[in-house]
Amino acid sequence: MKKTLRWMMGAAVLAVAVMVASCSDDDNPEPGNDGDFVVNRDDLKGEINSGEVVLDEGTYKLTGALVVKEGAKLTIKPGVTIEATALPANQFAAVRFIGISRGAKIDVQGTATDPVVFTAAEKKPGAWGGLVLCGAAPINKGETAQSEVGDLAYGGSNASDNSGSIKYLRIEYSGYSYNDEKEFNGLSFFGVGSGTVVENVQIHEGSDDGFEWFGGTVNAKNLVVTNFSAEFVGDDLFDWTEGWVGTGENWYGVRTNDGNRGIEADNNSNNHTATPVSNPTIKNLTLIGNGEGGEPQALKLRVGTKAAFENVVLSNWATGFDVEHDEGVAFVGDGSLKATRVKFDNVTTKAKGKKTDGTAADVMAIFTEDNTATGAGAGTAKPEWANGWTVGLD
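Heads up: the sequence shown begins at 307 in my numbering, then just goes up one per residue.
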């Protein structure tokens, strides 16, 4: 009886210990991997097919494409750096980029004092691919499509699709070019849904567009694009096409080289009236150019895009608003392509328009002026929300 009692008491203690350990593990999970992907800090590449992979601290060397497949998740802890190694000559199959497939998730957990950084060993624009994010939200290129880089499927009917969360991320030296037709951006959104969180992201010294939206409904807050390299000029700071209908808040873009526009905005180049029609709302926007160099339009609005801009500062551009094609001209007329509270600083031509047949159109109604506009927060100066985690602005 005593032996039985002692055994029962021991078993009870053991059961309590197991329960405590289990609760502790659930409440404070250790970083790691619950799928079949093996993390190698010096050789990070391959496909994450299941479970969650956690990159918990320090630097990881990106040596090829890292693609998160449907049902899997990539989590990146504060302060982690992913550095793309140099690409050997003519090895296109080994291009370094990070791709999040439709149905997969990414969770970038940077902070203002400890951002996550995606960079390259070669400190020059175009050294690696950047981040490609795919979702199942509507696009106007068809029900679904393949991303122009990475060949990942995107698009669908789920406007609230969730591809994860990206907070306090800096992407440097991106924009690798396959050829004249295919170039990576800094951060590409392919059919990404509104359930996805995107806040506090900088694209620094990229060779193609900073941010580009290919349809979808995702919202994006506190974005920075900086292009200063004289040797490698960038493309547009911000770009959208294929029916993007999300919102943007607090966007700050600056280039000092002969790159392209502040914003290049399209609906669909093959069918200007394709639905859903691109129609984002952008609040608190600052775009700074270098005067007459490159393609010096602050905003190029064409092939049928709509948009609403509010509280805008445009500085150092040859042209403020450049509207093209009959659809865009008509949208200015009915108010569905409109900018309110715009401050122009050293902008030669505030607005100009051109119909589809090439004749000039009056689009001066696209804007209302307000010299008290603050743009991204501080006019042409660095906004306060960009302190601590961005580079190149001090």
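It is possible that some hints are incorrect.
With a straight-line Cα cutoff of 27 Å, these simulated DSSO-like cross-link-like pairs (lysine-lysine) come out [to be verified]: (1) Lys411 / Lys379; (2) Lys649 / Lys589; (3) Lys447 / Lys411; (4) Lys688 / Lys661; (5) Lys488 / Lys367; (6) Lys649 / Lys447; (7) Lys367 / Lys411; (8) Lys644 / Lys447; (9) Lys430 / Lys447.
Ranges between beta-carbon positions, derived for each pair [unchecked claim]: (10) Glu537 / Ser575: 28 to 38 Å; (11) Lys351 / Thr662: 41 to 51 Å; (12) Ala536 / Ala636: 35 to 45 Å; (13) Glu537 / Asn652: 43 to 53 Å; (14) Glu690 / Glu598: 25 to 35 Å.
Just so you know, these hints were derived from the structure itself, not from any lab. Using N, Cα and C, we set each Cβ at its ideal position, and we do this for glycine too.
Hint by hint, here is what the structure shows:
Our distance criterion of 27 Å between C-alpha atoms is met by Lys411 and Lys379, whose separation comes to about 5 Å. Among the hinted pairs, Lys649 with Lys589 is consistent with the structure: their alpha-carbon atoms are about 13 Å apart, no more than 27 Å. Restraint check: the Cα-Cα separation between Lys447 and Lys411 comes to about 23 Å, which is no more than 27 Å; the hinted pair holds. For the suggested pair Lys688 and Lys661, the alpha carbons sit about 37 Å apart, so the restraint of at most 27 Å is broken.
The hinted pair formed by Lys488 and Lys367 meets the criterion: a straight-line CA distance of about 24 Å does not exceed 27 Å. Straight-line distance between C-alpha atoms of Lys649 and Lys447 comes to about 35 Å, which puts the hinted pair past the 27 Å bound. For a cut-off of 27 Å, the pair hint linking Lys367 to Lys411 stands: about 21 Å separates their Cα positions. Using a Cα cut-off of 27 Å, the hinted pair Lys644 and Lys447 holds, with the two alpha carbons roughly 25 Å apart.
The hinted pair formed by Lys430 and Lys447 fails the criterion: a straight-line CA distance of about 33 Å is larger than 27 Å. Checked against the hint of 28 to 38 Å, the C-beta distance between Glu537 and Ser575 comes to roughly 30 Å, which is consistent with it. The beta-carbon spacing between Lys351 and Thr662, approximately 46 Å, falls within the hinted interval of 41 to 51 Å. Separated by about 40 Å at the C-beta atoms, Ala536 and Ala636 satisfy the suggested range of 35 to 45 Å.
One distance hint, 43 to 53 Å for the beta-carbon pair Glu537 and Asn652, is violated here, with the actual separation near 25 Å. The beta-carbon spacing between Glu690 and Glu598, approximately 31 Å, falls within the hinted interval of 25 to 35 Å.
Hint compliance for this structure: hints 4, 6, 9, 13 are broken, all remaining hints hold.
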